[in-house]
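Using the sequences and the hints, build the whole thing.
Which chain is which? The protein sequence lines are X and W, in order. Using our numbering, you'd call the opening residue of the first sequence number 1 and step up by one each time. Using our numbering, you'd call the opening residue of the second sequence number 1001 and step up by one each time.
Facing chain W, from chain X, some residues (calculated, C-beta under 7 Å):
id, residue
1, L165
2, R215
3, C227
4, T235
No wet-lab data here; the hints were simulated from the structure. Glycine is no exception: its CB is placed at the ideal position from the N, C-alpha and C atoms.
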Amino acid sequence: MIRDITLGQYYPAKSVIHQLDPRVKLVTTVIYVISLFVANGIVGYAVATLFLGVVIKLSKVPFKYITKGLKAIVLLLVLTAVFNLFLIDGEIVLWRWGIFRITDQGVRTAVFMAIRLIYLIIGSSVMTLTTTPNDLTDGLEKLLGPMKKIHVPVHEIAMMMSIALRFIPILLEETDKIMKAQIARGADFETGNLIQKAKAMVPLLVPLFISAFRRANDLAMAMEARCYHGGDGRTKMKPLHYESRDKTAYGVVWCYLAVMILVGRYFT
Amino acid sequence: MIRAEGLTFDYERLDEEGNVEEKKRAVDHVNLHIRPGAFIAILGHNGSGKSTFAKHINAILTPTEGTLFVDGMDTKDEDKLWEIRQDAGMVFQNPDNQIIGTVVEEDVGFGPENLGVPTDEIWQRVEESLSAVGMLKYRHHSPNRLSGGQKQRVAIAGVMAMHPRCIVLDEPTAMLDPNGRKSVIKTARKLNKEEGITILLITHYMEEVIEADHVYVMDSGKVVMEGTPKEIFSQVEELKRLRLDVPQATLLAYELKKRGILLPDGILSNEELVDELWRLKSKM
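See below:
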């Protein structure tokens, strides 16, 4: 069934990581990404691995689930590894064939770069897997709050994101309906080459767009009827509060970053 | 509560330069007065102007001519706009297109959030209004998984949470199955009786207006008939002329009367018809 599609990729579970404030998780992800680029030695990567391992263990999300995200970047991984392997110059040449040669420096960079990318994806997957899309939007709105001063419409962006999340399943269902209706009228979405298939999408997309606009119009009216007038003077039903566990988490994360910087300086 | 004085509204179609190309009068000099706590129905077939009229009460549209007062506030007064919208809530036809939240309770909280109600009170209001429409046990559900009737009740709860004195239901049952339709009308009636909220039900289903206190029938933008349901339904010929269906019991009674059986006017329900027939039989 098309309605059973899980949004984002939230994995429901009761864990410390799930309960953390979304802002903590967003900040942690950013810090983790920075730390990966600070690290440039075995010890640094070992600390990063340990940190990631502990977080995954705490999140109670099955490891298999987390690595799903990696499938999408396999090609990118291989490409970067190959380029790094062949194009980086080093002192000791390990292997040579015509114009191709592999150096110790090349191997080192290729491996570390691959690890960086993999950890980057896994790290951000852990965040999206343990945070509902709604919480994520709320967290972003709150974190980016100061940007309102430079006239970035933070509230509006967050509102659009949450409305999009609400309507994705509805529009999916509608796509399904229109597809069936067009198939019943003899439309063919399956056969033909790429261009023919793209052309076949027109009778699907046009009604879908029209209906989406109509829905948007209705929704805007319904929102206005319920006194929506932007973010000013609006209160929150579920405001974000830092609990003591969030403060602890922040402490841990900053300590981790400090360790990573120190390791990067003294163990290279 | 609601007072319309010569309310007129034209839909204008503009050409590319912004000149009026075509005018269509949707509401034509409507005068009506609705008392607080009443259950009012507005009937009319498609294009009779009933929905256009409804949108005026919430100040989504403002009259071309005439005035509309909601609780003494003129809907043309922009300073009072949010007050009017809080006071007269509105439930629309399509249940999917008026639910904003991704969780039922968040959607109900949307109105109070906009009004700037403190967090604790929002939760209290959400609980109250969800239980008033009998949807409290669905509070953590995603609206996408509810039936049409349930979604519409959530929408009513969303309006209720703003503590309005009046709720306008604009064809709330048009897209629902018979069961959903019944549950929505039952909810509206309950809110009217128990909470004393003025209900303005706009519909083209005759069965739904039987228990209304007062019925207005609209056609081509004008109010053409008004009165209690009994008064309205006793004029079967007139209703037929306006392309409105008459409840079956009323129609049967009307046909029987035409054949010379002495039944009173304005029979609305099956039970009433059966009672009258028994009374007639016992007299024979």
